[in-house]
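Heads up: the sequence shown begins at 1 in the UniProt record's numbering, then just goes up one per residue.
Treat each hint with caution, since some may be false.
FRET-style restraints, in silico, Cβ to Cβ [unchecked claim]:
1) Cys51 / Leu25: 38 to 48 angstroms
2) Leu34 / Phe54: 29 to 39 angstroms
3) Glu21 / Phe54: 25 to 35 angstroms
4) Asp31 / Leu55: 46 to 56 angstroms
No lab work stands behind these hints: they were computed from the structure. Virtual Cβ for every residue (Gly too), placed ideally from N, Cα, C.
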Amino acid sequence: MVSLQGARGGGGGGYGWRWGEKAGLVVSLLDDALFHVLYAAEAVVLSAALCSFFLCCGCNI
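My request is simple: use the sequences and hints to build the entire structure.
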């Protein structure tokens with residue numbers, strides 16, 4: 001959360017971010033990026049598996 005530190009007399013005056021929120025934001029961005037990378041890798045692996053199945057077995061199941 002964004003807290004108003006100046007109203008509490010906590011130095012600096014104005015809006016400030018807490019360290020935990022910055023770390024949470026970084027973790028969230030890394031999680032989102034990793035999800036997209038793994039999603040693309042899974043799509044490539046599944047496509048390769050499907051193509052290799054049709055190359056080896058053909059359509060004569």
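Structure-based check of all given hints:
1. Take Cys51 and Leu25: their Cβ atoms lie about 40 angstroms apart, and the range 38 to 48 angstroms holds.
2. A C-beta distance of roughly 31 angstroms is found between Leu34 and Phe54, which places it inside the suggested range of 29 to 39 angstroms.
3. Checked against the hint of 25 to 35 angstroms, the pair Glu21 and Phe54 fails, with Cβ atoms roughly 50 angstroms apart.
4. Judged by the Cβ atoms, the range 46 to 56 angstroms given for Asp31 and Leu55 is violated: they are separated by roughly 36 angstroms.
Comparing the model with each earlier hint shows violations of hints 3 and 4; every other hint is respected.
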